[in-house]
Structures are given as structure tokens and as C-alpha cells.
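> Which chain is which? The protein sequence lines are A and B, in order. At position 127 of the first sequence (counting the first as 1) the number is 127 in this note's numbering, and the numbers step up by one without a gap. At position 238 of the second sequence (counting the first as 1) the number is 238 in this note's numbering, and the numbers step up by one without a gap.
The hints are simulated quantities; they were obtained by calculation from the structure and are not laboratory data. Heads up, a few of these hints could be off.
Simulated pairs of lysine to aspartate or glutamate, EDC-like, Cα-Cα distance not exceeding 20 Å [claimed, not checked]:
| no. | chain 1 | residue 1 | chain 2 | residue 2 |
| --- | --- | --- | --- | --- |
| 1 | B | Lys41 | A | Glu27 |
| 2 | A | Lys19 | B | Asp3 |
| 3 | B | Lys19 | A | Glu27 |
| 4 | A | Lys19 | B | Glu240 |
| 5 | B | Lys19 | A | Asp239 |
| 6 | A | Lys253 | B | Asp3 |
| 7 | A | Lys19 | B | Asp239 |
| 8 | A | Lys41 | A | Glu58 |
| 9 | A | Lys185 | A | Glu267 |
| 10 | B | Lys19 | A | Asp199 |
Protein chains: 2
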Amino acid sequence: MRDVNTDNITDVFMGYFGKDTNPRLREIMLSLATHLHAFAKETNLTHDEWRRGIEFMEWAGRITDEERHEFVLLSDVLGLSALVDMIHSVPGGTSSSVLGPFHITGAPPLAFGADMKRHYEGPVLLARGTVKNMKGEPIEGAELDIWQTAPNGMYSSQDPDQDTYSFHGIQTTGPDGRYGFTTVKPVSYTVPTDGPVGDILNATGRHPWRPSHLHYIIKAEGYRTLVTEIFPDDDPYLDEDTVFGVRDDLVMKYVEQPAQTFPDGFELSGKVNEPYLLADFDLILTPAAEA
Amino acid sequence: MRDVNTDNITDVFMGYFGKDTNPRLREIMLSLATHLHAFAKETNLTHDEWRRGIEFMEWAGRITDEERHEFVLLSDVLGLSALVDMIHSVPGGTSSSVLGPFHITGAPPLAFGADMKRHYEGPVLLARGTVKNMKGEPIEGAELDIWQTAPNGMYSSQDPDQDTYSFHGIQTTGPDGRYGFTTVKPVSYTVPTDGPVGDILNATGRHPWRPSHLHYIIKAEGYRTLVTEIFPDDDPYLDEDTVFGVRDDLVMKYVEQPAQTFPDGFELSGKVNEPYLLADFDLILTPAAEA
């Protein structure tokens with residue numbers, strides 16, 4: 001079209017598509033172009049603003065590497081990642097929540113009751129629960145991929161002082177569906193602010209904090225894989241998670257337990273006679289989608 | 001908010017903003033988030049599709065460097081660049097069109113009538129016209145930044161066989177507002193297809209061609225700077241420019257002139273007795289916005 005204008009641009013764009021274009025791709029591109037064009041028209045976007053947008057994307061590209069994923073962070077702080085989770089959550093199951101950029105594959109096995117805390121300082125946390133289906137029946141052979149921050153607020157991939165798999169482990173449930181391990185209480189932390197996403201947070205008067213949480217990915221045959229996080233109910237950032245990850249059903253209480261009650265079957269190096277925190281949280285999986 | 005959901009996510013997002021946020025930034029971010037969230041909900045965007053989107057952006061970041069601007073190209077093929085131009089075009093002036101990624105600063109002066117063609121093969125083109133205001137009065141001291149492809153379809157920045165400023169020049173108008181130079185007929189060419197944007201074009205059955213054109217940036221004191229392109233009316237890609245740059249008023253005729261009529265005052269190395277093409281095109285500037 002040589003007479004493209006602000007009214008017909010989206011139609012002209014779609015008119016370029018080949019007739020064999022995958023229907024799902026066509027649907028996504030139509031929605032994308034419709035909203036992109038409406039955004040530019042609604043805001044009367046100027047050339048200077050467009051140029052700043054391009055510079056933003058190029059900066060995000062430059063700062064991205066194997067361990068830093070600025071476009072994921074951008075999606076997170078814009079609420080897109082959380083929205084994709086919520087769109088696909090299934091009623092009756094535990095809510096999913098953002099994966100975040102710190103999951104690493106290949107974590108070592110973590111036996112039931114094993115100690116992820118080891119020599120790290122901080123409040124002892126005993127996390128346990130049952131992986132169940134929607135009827136409340138325990139799921140045997142569910143694989144939990146578990147990770148969290150060290151007491152300094154850093155994941156192992158961010159912290160040269162931690163081993164590669166520090167505070168990472170994979171636990172598989174037995175016939176009773178139970179999981180459980182000893183760890184240290186996770187802490188609130190900030191998302192990285194030294195890149196373009198940090199600039200957005202700063203310019204819009206937003207803080208970069210996330211409430212503390214334990215991360216889980218739970219896989220079991222016949223069930224939808226669940227990517228989630230659980231949050232203690234006393235975290236000061238619970239109502240303003242900068243990546244919108246908190247869901248009502250993922251908030252729980254860490255219950256303080258008296259000294260000398262640490263249960264058998266759970267490892268703990270030192271401090272066995274002191275009070276500790278108990279996080280008892282069941283994880284409910286939903287059936288896998290039909291093939 | 002701990003009870004964020006698919007209905008309130010945009011409100012929760014805006015609720016995080018500081019009260020001192022720049023009002024224009026707030027307006028842009030509200031529109032951006034509203035459309036981004038609507039896009040995800042309308043398409044029921046899956047985690048896999050989200051992940052492919054992130055991989056796309058990371059690939060665009062990796063391929064970008066000083067001379068390759070994949071996010072600009074993405075904006076171009078999605079029609080966003082053209083839309084920003086059209087939103088800000090002023091009725092009565094020559095239409096603006098996409099800058100494209102091949103403009104370079106610091107081009108040498110090009111005297112009136114000078115020869116940009118030099119030793120390059122291809123049809124001789126004499127381009128000329130008047131820079132005018134909306135009353136039709138000539139504008140003295142207008143600076144035209146001119147650039148185009150060589151006959152091989154490449155801009156100098158893409159082509160190691162060309163000098164840095166091959167087919168680039170800056171001409172300043174005299175009291176009569178006239179500009180004019182000798183060159184070679186520009187050719188149709190393809191945008192780069194070896195990156196993620198090429199993948200989109202391929203997946204949607206789109207070709208990567210742009211119709212041939214001459215690029216101009218025209219600056220004059222008291223007038224809006226005009227970034228534009230002019231297109232010959234016989235180009236096969238005129239109705240399907242892959243970056244949506246064609247406007248009705250930018251399409252013109254290259255008129256074939258008989259042999260031995262090449263005008264005085266225009267340089268031409270060789271071929272002076274042969275037929276040549278004449279592109280006569282006036283450029284109309286609009287007043288600068290009030291400060």
C-alpha cells in the first residue's frame with residue numbers, strides 16, 4: 001500500500017501476511033500489532049520517545065548474558081510474567097508464580113530431611129508438606145526442584161562465595177507424598193537495579209524489593225508442572241512485590257517452635273536445641289492437559 | 001497487593017508508581033501496561049510463547065551492534081516507525097518517512113550540481129527541485145543531508161568496497177532554494193534477514209524488500225526538520241514496502257530525457273551524450289513548533 005495512514009496501518013500490516021501463515025502466529029501478531037499501534041496513537045508517541053525506547057532495548061540487550069536476563073526482568077516488573085502465570089492457573093491447584101531468573105538446572109538430590117542450611121548463619125527453617133492431587137491423595141514420585149537465597153540475599157549464581165548448587169536441591173516424594181528439608185529462613189532481596197529496568201523503577205518511584213520466598217518446581221507424571229513460590233506472612237514487602245509474584249494461597253505462616261523439639265529424621269548441623277521455624281505447606285497439583 | 005489477579009494487574013502496576021513520577025512517563029507507562037496486559041489476556045499467551053518472545057528479544061540484543069540495529073528494524077517491520085512518522089506529519093508539508101538504520105553523520109559537502117555517481121555503473125539520475133515553505137516561497141540556507149544505495153543495493157556502511165561517505169552528501173540551498181545533483185538510480189533492496197526479524201518475515205510469509213528511494217533529511221532555521229524518502233513510481237515494491245515507508249506524495253516519476261540534453265551546471269563523469277533520468281521533486285517544509 002502506498003497510501004498507508006494512521007487509520008489503516010494495522011490492516012496493511014496484516015495484509016502483508018502469507019496465506020499459509022500458522023493461524024496461532026497470525027492471531028498473536030494481529031493482537032500484538034493492534035495493541036502496539038494503539039499504544040503509539042493513544043500516547044501520540046514522539047520521535048524522541050521512540051528513540052529512547054530503542055536505546056532502552058539496546059541497553060537491555062547489551063547487559064544480557066548467560067546469567068543476567070534483563071528482558072525477563074522487564075517482563076517481571078511490568079507484570080507480564082505474573083499475568084501469564086495467572087492466565088494459566090487452574091482452580092483447585094496451588095497457584096503458580098514467577099520462575100524468576102535464578103533457577104539453574106542440574107541441582108543435586110536432596111534426601112528427605114536433609115540439610116540445605118549447612119554452615120550458613122541465620123534462623124533455622126524446617127520446610128515440609130505433602131504433594132497432593134485435587135482429591136487430596138498423596139502423589140508418589142513427585143520431583144521437587146527447590147531453590148532459595150542464602151542469608152545474604154543472593155542466589156548461588158549471583159554470589160562467588162557460594163558453591164554452584166548452594167541452596168538448590170531436588171527431592172522426590174515417596175508413597176506418602178511427603179517432602180521435607182532443613183534450611184535457613186530466606187530473606188527479602190532486590191532485583192538488579194544497575195541496568196535499564198532499574199532506571200524504570202527509579203523513574204517511576206518504585207522500590208526493587210521482593211518479599212522472601214522458597215522456590216519450587218514440582219513435576220509428576222500425569223500432572224501439570226507447577227512453578228511456584230511460598231511466602232511467609234510477616235514479610236514487609238508482601239503487598240508490594242516488585243514482580244507481582246504473591247498470591248493469597250501462597251502466603252503462609254512460619255510457626256516458631258520451642259527449643260529441643262527439632263524432629264527426628266531431619267538433619268541439622270548445630271543449634272539443635274534452639275527454637276526454630278516450621279513452614280508446613282501442602283502443594284496441590286492439577287491434572288496434565290489432555291494430549 | 002497479595003491478591004493480584006488477571007483483572008486488577010494493571011491497576012496494581014500503576015498503584016506502585018510514586019506520586020512524583022513525571023506525568024508524561026506515567027501516561028506512557030499506563031498505556032504500555034494496559035496494552036501489554038490486554039495482549040497477553042486476549043491471546044491467552046502461554047509460558048512457551050512467552051519464553052519464545054524472551055529468546056527473540058535476547059537474540060535481537062546479541063545481533064545488535066554499532067552498525068546493526070535489530071530493534072529499529074523490528075519497529076520498522078511492525079509498522080511502528082512509520083506510525084510515529086505519520087502521527088507527527090503536518091498537513092501541507094512533504095510527508096516524513098522512516099529514517100532507516102543506514103544514515104551516518106558527517107557526510108562531506110555536495111555542491112549544487114555535483115556528481116555523487118562518479119565511477120559507479122548504472123542509469124544516470126539527475127535529482128533536483130526547490131526547498132519551499134507552505135506559501136511556496138523558496139527557503140535559503142536549507143541543509144539537505146542526502147544518502148542512497150550504490151547500484152549493488154548496499155549503503156556504504158554495509159559495503160566494505162565503498163568509501164565511508166560513498167553516496168552520502170550535504171547540500172545547502174542558495175537564495176532560490178534550489179538543490180540538485182547527479183547520481184545513479186537507486187535500487188530496490190532487502191532489509192537484513194539473518195536475524196530474528198528475518199525469522200518473523202519468513203514465518204509470516206513476508207518478503208524483505210523495500211522499493212528504491214533517495215533519502216533526505218532537510219533542516220532549515222524556523223522550520224521542522226523533515227526526514228523523508230522519495231520513490232519512483234515504477235518500482236515493483238511500491239505497494240508492499242516491508243517497512244511501510246511509502247506515502248502518496250513521496251511517489252514521483254523519473255522522466256527519461258533524450259541524449260545530448262544533460263544540462264549545464266551538473267557534473268557527470270562519462271556518458272554525457274546518453275539519455276538520462278530526471279527526478280524533479282520539490283520539498284515543502286512546515287514551520288517549527290513554537291518553543
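> Each hint: holds or not?
Results of checking the hints against the structure:
1. Of the pairs offered as hints, the one joining B:Lys41 and A:Glu27 holds, with about 12 Å between alpha carbons and a cut-off of 20 Å not exceeded.
2. Proximity of A:Lys19 to B:Asp3 is assessed by CA-CA distance (about 43 Å); at most 20 Å being required, the pair is judged violated.
3. For a cut-off of 20 Å, the pair hint linking B:Lys19 to A:Glu27 is broken: about 38 Å separates their Cα positions.
4. Taking the CA atoms of A:Lys19 and B:Glu240, the gap is near 16 Å; set against the 20 Å cutoff, the hint holds.
5. In summary, the hint linking B:Lys19 to A:Asp239 is supported, as the alpha carbons are separated by about 18 Å, within the 20 Å threshold.
6. At roughly 17 Å between alpha-carbon atoms, A:Lys253 and B:Asp3 fall within 20 Å of each other, so this suggested pair holds.
7. Distance restraint check for A:Lys19 and B:Asp239: the Cα-Cα separation of roughly 18 Å lies within the 20 Å cut-off, and the hinted pair is therefore satisfied.
8. Distance hint between A:Lys41 and A:Glu58 is unfulfilled; the C-alpha atoms sit about 23 Å from each other, more than 20 Å.
9. Taking the CA atoms of A:Lys185 and A:Glu267, the gap is near 16 Å; set against the 20 Å cutoff, the hint holds.
10. About 17 Å separates the Cα atoms of B:Lys19 and A:Asp199, which keeps this hinted pair within 20 Å; it holds.
Of the hints listed earlier, those the structure fails to meet are numbers 2, 3 and 8, in rising order.
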